[in-house]
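Given the coordinates of chain G, assemble chain B onto it according to the supplied hints.
The listed protein sequences correspond, in order, to chains G and B.
Reminder that position 1 of the first sequence reads as 1 in this note's numbering, one-by-one numbering, no gaps.
Reminder that position 226 of the second sequence reads as 485 in this note's numbering, one-by-one numbering, no gaps.
The hints are simulated quantities; they were obtained by calculation from the structure and are not laboratory data.
Source: prediction; values computed, not measured.
Wrong hints could be hidden among the right ones.
[Claimed, not checked] In silico lysine to aspartate or glutamate, EDC-like type, Cα no more than 20 Å apart, as pairs: (1) G/Lys-141 x B/Glu-643; (2) G/Lys-237 x G/Asp-60; (3) B/Lys-368 x G/Glu-140.
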Amino acid sequence: MISKKNPVRTARYGMTIDIDRCNGCGACMVACAVENNIPPAHAGASDRKGLTWIRVFKVDNGAEYPAKRSVFIPVLCQQCDKDTPCVHVCPQQAVDLDPATGVVGQMPERCLGCRYCMAACPYHARYFNWWDPEWPAGMEKTLNPDVAPRMRGVVEKCNFCHGRWHAARERAAAAGKPNTEPVTYTPACAEACPTGAIQFGDLKDPSSAPAQASQKPEAFRLLEKLGTEPKIYYRSKREWVRAIASAPKPGARKEPSRG
Amino acid sequence: MNTSRRKILQFMGGSAVGALFTPVPWRLITDAALWSENWPGVPVPVRGESRTGFTNCSLCTAGCAVRARLIGEQPVALAGVPGHPVSRGALCPFGLTGHHLPYHPARVKSGPVKEAWAAVADAIAKGDRIAVLDLRPGRTASWTYRRAMAAIRNGAYIVPPRPLGPATAVNLAAAKTVLSFGAPLLEGWGTPGNVIALRDGFRLIQVDAVESRTAALADLWVAINPGTETELALGISNVLSGGASGINPARAASATGVSEQQIAELARELTGNGPAVVLDAAGSSAVLALNTLIGAPGRTLVTRRETPVPEAWKKAAPATELAEIPERSVRVLLIDESAPGEYIPWGEIRKKLAANPVVIAFAWSRAGYGRYAQYVLPAAVYPETLEDIPPAIDAVAPVFRMTVPLQAPPAGMVNPGEFIATATGLPRGDALRERSDAIHKSGRGALAAMPDGKLTPVKEMKPEDLWKALNAGGYWMDTPDEKAAPPRLALAGPEAGPVEAASFPLVAILTEARGSAAPASPLMSKLYQESNLRLGPGRAALHPATAKAYGIEEGARATLETAQGRRDIFVILDSAVPPGSVKVASGPGVLDICATGERARVVPA
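So here's chain G without its partners, still in its complex pose (with noise of 0.2 Å):
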């Protein structure tokens, strides 16, 4: 990380999620957990109490038949640029934003498990573990030596594949390219994403996709008006989505609807 005295900062990653393209597949939900050794389910977890760096929600425009539209809406740390709510919470300093990458971290060994931020989050992107990381006998073999399991009664969520983001930096330097330029790399989610519906890059970076994408007039943001400027973009053509990114309706809530 780079010095807060002097913060240069070498990119600002982000990523655009095109709603009309997500098919609700679910394939990010599960690159992320392999690549950031998630465990499956413990027998007591429920969508509560689970944890899912990236979680994937259908929502409806709460019209009735033939009227009624859905779509699929990827919802993962939205790594906050401004304000950045979780960062100001925590007590621990836990978490922090990198100066050099605009990335959110956490940083579980030094997170108490207070669950501050998981309330100060207004994505609800955060997730905490409630059990000891567990996997079916063996499968332990299978885990990403690049990241470390966390333990029970700490909070986690996205940090855009640190992982990978650190293996890029080994091989940038191995090629002899200065620490203070951006390496590029994909997050696991996007890799994984079949249908190109999400894009990651440097949003400093004006011929990256996603500085491109985000700059289009379907593009827009989560709970926008909250000022924590998120370098997450979604796009969408259709207006009630985009309406839908506001704020919720209120009285709107209807009996539970599953994918």
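Chain B in isolation, oriented as in the chain G frame:
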């Protein structure tokens, strides 16, 4: 200086408060946290040299190209190959987690091989009827089974039903309109990468009782009353034929909930926008017969040639569909279930078995037919296996690609092809290599080599180079046969299933209807247990109003009953499920008792 009790307490108190202003307690907390990160409850990933390997996924007929990251001899991550000319980098959640299967808790690790061998040998000696049920026909192993069954006195080679015929492929590239009756076109149908690449070229109309993922992404979703797909097809048929076939659109509208006007509009779309194709998840004859009316054979439904085979193999038993096998005729049934394939309800198979039958399943888990077999022989599982993959439904030309082992299988695994070939006295040989040589001899097609998918004509390769490239994950594909005769759809008339609405008031809707019985990686829990993206195994969804009528609450245990049997389920409530129906997660137990459109009831436990 006097030392009083008060002063000692003051000193201790001051020390305690003062210590809070030193780094000591915080350091202790940090160290404790660091220690806890490595306590025995947290597994430590194995480190080692990282390398890349290539294979093709054999978990379905798509056979997507796979790039694997290996640490030592252990795959730790699988991904698609973006440059691949067919799969185009796509890999579904099952494929992404395929390397977990060797460690699945349900894995069969040993079995009564000697006893099974003796039973087969005894049946061959007596001339009893022996049959192989091949759930993935079209492979090299399938030819081995056919040759083996031809080599014995009373052998039969059985394949699952093929509603469109044995060699019919769907040419999506030629289709301008696709009318899908519940077919999961955007949920893993065919070769997902190919379908995604072609998606912008056709208008997709999805007929579904629930808003499936395909329905959500279709250009038009036609919501239909559950279980009335046949009536809608017959209504469309009536419009297309000018009243010569099918049923009156008004009657179809009444049954399906789709208006007469929309039925007429669907008929117009099938004929007015260029080549079209009609697909059906259930393989219903009435639905697929629409293809003949719209002239799909030869345009969007084409005949795919067989991948070249050695001449010596052609003395083989014919492929027989299960329905054509006489009842109570099979004495020994060998089922190849070493990888996911089609699933035939056990009740249909059981009818074909003679008295005191011997059923031998080659399987890596007991979740499928292993529940009914006398002998379950342990088989290697992807990515331990070496075999070729049958062509996908959207492959218009012959293909050949192999799943190459990324890791060694454990000791004691039984190769079904070798077992059956040896038992029936077939000469030993490397069938895959012979097939590769036959492809080379034909001189047809080109090979897409890994890692970049670069195409090389077979004519420019030596036999050894072709074999080597195939073993490195290469993909051979031929060109479509322009002169091939259009497929003849052998379609029967409309099925008239018995409707027992009084006893079974609900209509079943199966999710992942094409899914097989095989278990998946435990990480798939991310998609159902830890989120609501899919319906999990053993679960059924009811509309809240339906559940209330039966006195069932969210999360309650219940029994799903049909005329074929019963199955314990957990009930969840879902307002997207139409009232009067039950949405059921597909799986071996469920597939044995019910299909989409089946009448059912849910009884509280």
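Here's how the hints hold up against the structure:
1. G/Lys-141 x B/Glu-643: Roughly 15 Å separates the two Cα atoms, so the pair holds.
2. G/Lys-237 x G/Asp-60: 15 Å, holds
3. B/Lys-368 x G/Glu-140: Answer holds: B/Lys-368 to G/Glu-140 is near 18 Å, not above 20 Å.
Against the hints set out earlier in the document, no violation occurs for any number.
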